[in-house]
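With the hints as a guide, bring both chains together as one complex.
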Amino acid sequence: MINKVLELLKEEKACQRISLPPGIKAKTSGFSLWYGSTKALKDINIEIKENKVTAIIGPSGCGKSTLLRCFNRMNDTIVSVRTEGNIWLDGYDIYDDVTDCVDIRRKVGMVFQKPNPFPFSIANNIYYGCQVNDMDVEKDEVVERCLKQAALWEEVKDRLSENALSLSGGQQQRLCIARALAIEPEVILMDEPCSALDPIATAKIEDLIHELKKDYTVVIVTHNMQQAARVSDYTAYMYLGELIEFGKTKQIFEKPREENTEKYITGRFG
Amino acid sequence: MSGRKLIALWLFVVSVVVALMGFWFMATRASMDYWVMAGSLILISITCYLSGVHHYLTTKNRHGRYIILYGSVVLMVAGLSIYIPDVLDLRPWEIYTRIPSDFFFSFFMLIIGILSSYVSFRPFHNFTKEGAQSGAYYIIHLSIIFTLFPLFLIMFNIITRGMGGITWEFLTEDIVSMGEKGGVYPAILGTLAMISLTAIIVLPLGVGTAIYLAEYARKGLAVRVIRTAVNILQGTPSIVHGLFGYAFFVLILFNGQKCLLAGALTLAILTLPIVTRSAEEALNAVPGELRDASLALGATKWQTIKKVVIPPSMPGILTGTVLGIGRAAGETAPIMFTAVYFSGTGTPSGLLRPIMALPYHLLSLYRLVGYRDVEPQAWATALLLLIIVLGINLSAIIVREKYRQRF
Ligand SMILES: Nc1ncnc2c1ncn2[C@@H]1O[C@H](COP(=O)(O)OP(=O)(O)O)[C@@H](O)[C@H]1O
Ligand SMILES: [Mg+2]
Chain H
130 MINKVLELLK EEKACQRISL PPGIKAKTSG FSLWYGSTKA LKDINIEIKE NKVTAIIGPS
190 GCGKSTLLRC FNRMNDTIVS VRTEGNIWLD GYDIYDDVTD CVDIRRKVGM VFQKPNPFPF
250 SIANNIYYGC QVNDMDVEKD EVVERCLKQA ALWEEVKDRL SENALSLSGG QQQRLCIARA
310 LAIEPEVILM DEPCSALDPI ATAKIEDLIH ELKKDYTVVI VTHNMQQAAR VSDYTAYMYL
370 GELIEFGKTK QIFEKPREEN TEKYITGRFG
Chain D
17 MSGRKLIALW LFVVSVVVAL MGFWFMATRA SMDYWVMAGS LILISITCYL SGVHHYLTTK
77 NRHGRYIILY GSVVLMVAGL SIYIPDVLDL RPWEIYTRIP SDFFFSFFML IIGILSSYVS
137 FRPFHNFTKE GAQSGAYYII HLSIIFTLFP LFLIMFNIIT RGMGGITWEF LTEDIVSMGE
197 KGGVYPAILG TLAMISLTAI IVLPLGVGTA IYLAEYARKG LAVRVIRTAV NILQGTPSIV
257 HGLFGYAFFV LILFNGQKCL LAGALTLAIL TLPIVTRSAE EALNAVPGEL RDASLALGAT
317 KWQTIKKVVI PPSMPGILTG TVLGIGRAAG ETAPIMFTAV YFSGTGTPSG LLRPIMALPY
377 HLLSLYRLVG YRDVEPQAWA TALLLLIIVL GINLSAIIVR EKYRQRF
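These protein sequence lines map, in sequence, to chains H and D. Okay, so the first sequence: first residue is 130 according to our numbering, each after it adds one. Okay, so the second sequence: first residue is 17 according to our numbering, each after it adds one.
So here's chain D without its partners, still in its complex pose (with noise of 0.2 Å):
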């Protein structure tokens, strides 16, 4: 009985504030297009809400709640709508309001849609507790759809936009006066080469460390040391990678030359962090009853990491390498200073020569978009990229089924 007073109190209190925003709302904003939207959904989640607590109050059916769930997702939706023009171009159908066009009125609306669309979920079972757990459940599936929403825009935008400029053409065609003709082949060879070569530096690097925090450390001054480093490194913009990289290596170690092997030593220190975290997490999986097993049966210690520890920790350790891998085949900050010249730098042509790499030629393209004509360029390369960190990606996952089938 309680449970039921205090759903309508707070249906209540919510149709009472949403009127009072709605209100300040068009107070405060002139043009007859927002107010004519926005009061119209105001109206409409009110009326429900208060339709809704009148069912809840009077009669012994249950039907209200479907109403308010109801309210509560067009107060949702209403609360969404605003990033509506900047995610899908609505232009040509002659749309160009944005409904609620104010963000704290946006996010106030759908944490109050959220959480009244929460609370209905209770009468869902007859305020039970069977009611709370749905509750909960709906909040859950409800982050993941927040969660996977605006990467399934992000994708389908790069994809609708970026497919018509992937040709054979612009995968295999040198740059062209600054990417307005002509491929990105240079680009994508480099971003290959750097990738690779950058994996190859980190992972024995990270792995290493891995083993020694995981393994070898005893809890003192050293740990903390080394994994205070770590966590500082991964909290270090990649811009302050890229100036480190750029004072380090190449003013220093390769006489002012940028070169592939600055940029991967860069990129390498970049994703120590990732790799060295992923690998210790991996090896700390390894159950102790293991090692013991193998210490017991006359193994050294290092014996027992290289054939114990260490090969069913591998899957953890390569997915980490490789999440590592993908992000830095998107970095532009670390290379633009160790690795990159310009749009016209050729194919990587050896170690110490520098390269051109996919995110940095995106970057140039951006810059060129309002002086030349390269947006299609641009949102093909963007899909480019898209592609090849989501194939490492996969490769990640491939490997690591294969190696799972092993063991």
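The shape of chain H in the complex, shown without the other chains (with noise of 0.2 Å):
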């Protein structure tokens, strides 16, 4: 009978699901976000391609960062949020009310625009986040394979018990990277994650980019139009809080469809 009651209340509360098209990881379907009364993002409908780099290029305060903590409700956080619409990951609604936000932020990973490195040792920075989620692993085997991923090892390998903030800002970075990969995402977002580096730093950060689109599906906010021809497949251009236009990196640069796409690709914006 209570087996009975419990199931009944599991269907109740299970999440609303839908199955989205081979090779596509993510997409919003008519989201929308207001930070109060202001809308922020208007009706947004984008698709996310598995193991692709997604770009979002546009001007500052169009929106692009809020879309992206929008992939993983980190926009919660801000009291006065009201979002509409859906955003589905692998079918799986995550703006529905019974979704956990700590289960979408496992599957899905955030580099910040500003390195944020605990104050604790390089290694427990990794550990960090398998030690929160429970996760059954080797500490030191997680430590050297994140660091490894992120191509940090030769720099670190010695000092790993030294606090992370005595790495330079570009080791920093790639330390969040790393991170990120602890709790082995399934998406990674990078809100500008090169924009506090030197060009040295952001040359290798793009490297890892490539490299990490084998087993990831990244989606990369930059300002820096050069950066997201180096590195997406697939780019997204915002205005004001619209989805302008969404389509191959090479299209988006070479023939936009839409005349301020073109505007601000060729720096001729007002």
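Calculated directly from the structure, the hints in this document are not laboratory data. Check before you lean on any hint, since a few could be wrong.
[Unchecked claim] EDC-like mimics (lysine to aspartate or glutamate), calculated; alpha carbons at most 20 Å apart, straight line:
| id | chain 1 | residue 1 | chain 2 | residue 2 |
| --- | --- | --- | --- | --- |
| 1 | H | Lys243 | D | Glu305 |
| 2 | D | Lys235 | D | Glu297 |
| 3 | D | Lys322 | H | Asp263 |
| 4 | D | Lys235 | H | Asp205 |
| 5 | D | Lys323 | H | Glu291 |
[What the hints assert, rightly or not] Computed far set for chain H versus chain D, every beta-carbon distance over 12 Å:
| id | residue |
| --- | --- |
| 6 | Ser158 |
| 7 | Leu289 |
| 8 | Glu335 |
| 9 | His339 |
| 10 | Gly376 |
All figures in this text were calculated on a predicted structure; none of them were measured in a lab. We put the beta carbon where it would ideally sit given N, CA and C, even for glycine.
Structure follows, in structure tokens:
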């Protein structure tokens, strides 16, 4: 009897599901977001392809970060935020009432604009995600795997117990990427990951993104159009909270369909 | 050029005002003692000012500035000297006079002296903006001195007068005949027991409140109510805490029995705002990016708070707690109705038993001064209390440094 009730409850609470076409990792449909009374995202429809790099470009304040943060519900931390529409990840609705943010964030890792390592040791920075998610892994193995994946292992292997804040900015950002990899996500969101870095560190991160797309789906926000052209397979151009154009990077940069996109890409932007 | 004229005008006004004050002062005080002293000081400063003005207006060299500075310092010293007999016992040297015996007068001279010396910094740098800067630095340094000076005097006073009384017997023996003989051992133990218990009670309460305010509460009615309550608690006189403790803890909770626990609870309420505030500040100082980083890794809010937010704010939280405890250690009013009886109470013998505490012992000794020979014991008790409070603060610094090295 009780079991039946529990089952019923479970059924009712189950997340809404749809099946996404093959090759599509995530998809928004009719998604809008308000900060208080200002509408920051207007009816966004975008598809994120699996194992590809999708770049989001656009003038500052157009809502790139806001959109990115919707994919792991980081906007939930802001009190005034209200959303409408759906975002599907592997067919599950991220914004369903019964969806647990914590589960989403385990599947969707994030790298922030400013490197933000914890004031712990390098190794503990990486292990943190495994710890909080009760993952059954060997600490040394995870640390080595992630640091190697983030191309940081050679530089720090002798100083794993040193405070992460002693690393340079570029190293810190790669550490943050390594940290995001530790929880074995499927999607990695990057919000202008190179904006605080010098050209050499930037080049390293761009190489890294190329490596990452073999195993992960990457969404990267950048204000640097050359960077978008270099690293991405697909590009989304946003303007004033709207998704103006979305397509293959080559197409967006070589023959954009919208006049607004062309203006922005050619730098003739008012 | 206009700066130079402005200063000359200022100096002129100052000398006129000071002169008028001097005359008024002499006219209202009959005693020879006063007006010889005050009059000569005023004359010195006026002379200095006038010759400074003269230098400014007539010569190109800037030596006048030293004279002005000197005049200003004399004025300030004269202004401060009213307090000399309060802090230093000059009777052995047969000096009984308070030089400008009038508070208003002293205050006025002090302000004028400070302003004049500030102004005189301008010509030091030939009326450039550097002059204004060094003037500002001078005022800043002066305020540091004015802050440290009373502290230094109090410490000096208590240490010199209390040192002789602190002996091994004083620290280890029972209080005999209301403190006239014996030591203060029970009071030391009582104070230590009470502040430890207070810390144990207040730390979770204060940190919990701070975590709620800083991490969970949205800016709504609840936050405003809690914050207002904390502020009111902070502004409440400690005697009110004491009476509340008596009315609530002693009478209702403990059947009229004054006890260690009632005192510690009262002190916990007294220190709660201090702990809450500093803990909240420490939590707020942790950058939001670290919280985001943790949440983005799939941590829950509580995991984030526990592992990312609290560790780096621990030094701040502990410092605040220790400051609060330091305050609690010296309070008399909250414990006199709730925890202490009289000097013969003895060493602490249980949570529900009364105790003796140093600040209350000091108060009872003070009441006896004049009837019995207890003044040396009172000074020694005061010194002991000072040492305990300073020791608590020192331990806070040590803990903080230890933590700082770890992060
Ligand atoms: N926490 C917030 N509260 C209110 N408005 C915000 C907040 N964050 C961003 N916005 C607003 O939303 C719009 C989009 O911001 P954002 O996504 O950060 O732009 P981008 O990353 O493209 O520069 C901007 O107009 C910005 O002012
Ligand atoms: Mg942004």
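Each hint, compared with the structure:
no.	hint	result
1	Lys243/H - Glu305/D	holds (8 Å)
2	Lys235/D - Glu297/D	holds (16 Å)
3	Lys322/D - Asp263/H	holds (15 Å)
4	Lys235/D - Asp205/H	holds (15 Å)
5	Lys323/D - Glu291/H	holds (18 Å)
6	Ser158	holds (24 Å)
7	Leu289	holds (16 Å)
8	Glu335	holds (22 Å)
9	His339	holds (23 Å)
10	Gly376	holds (29 Å)
Going down the numbered hints, you'll see the structure goes against none, and every one checks out.
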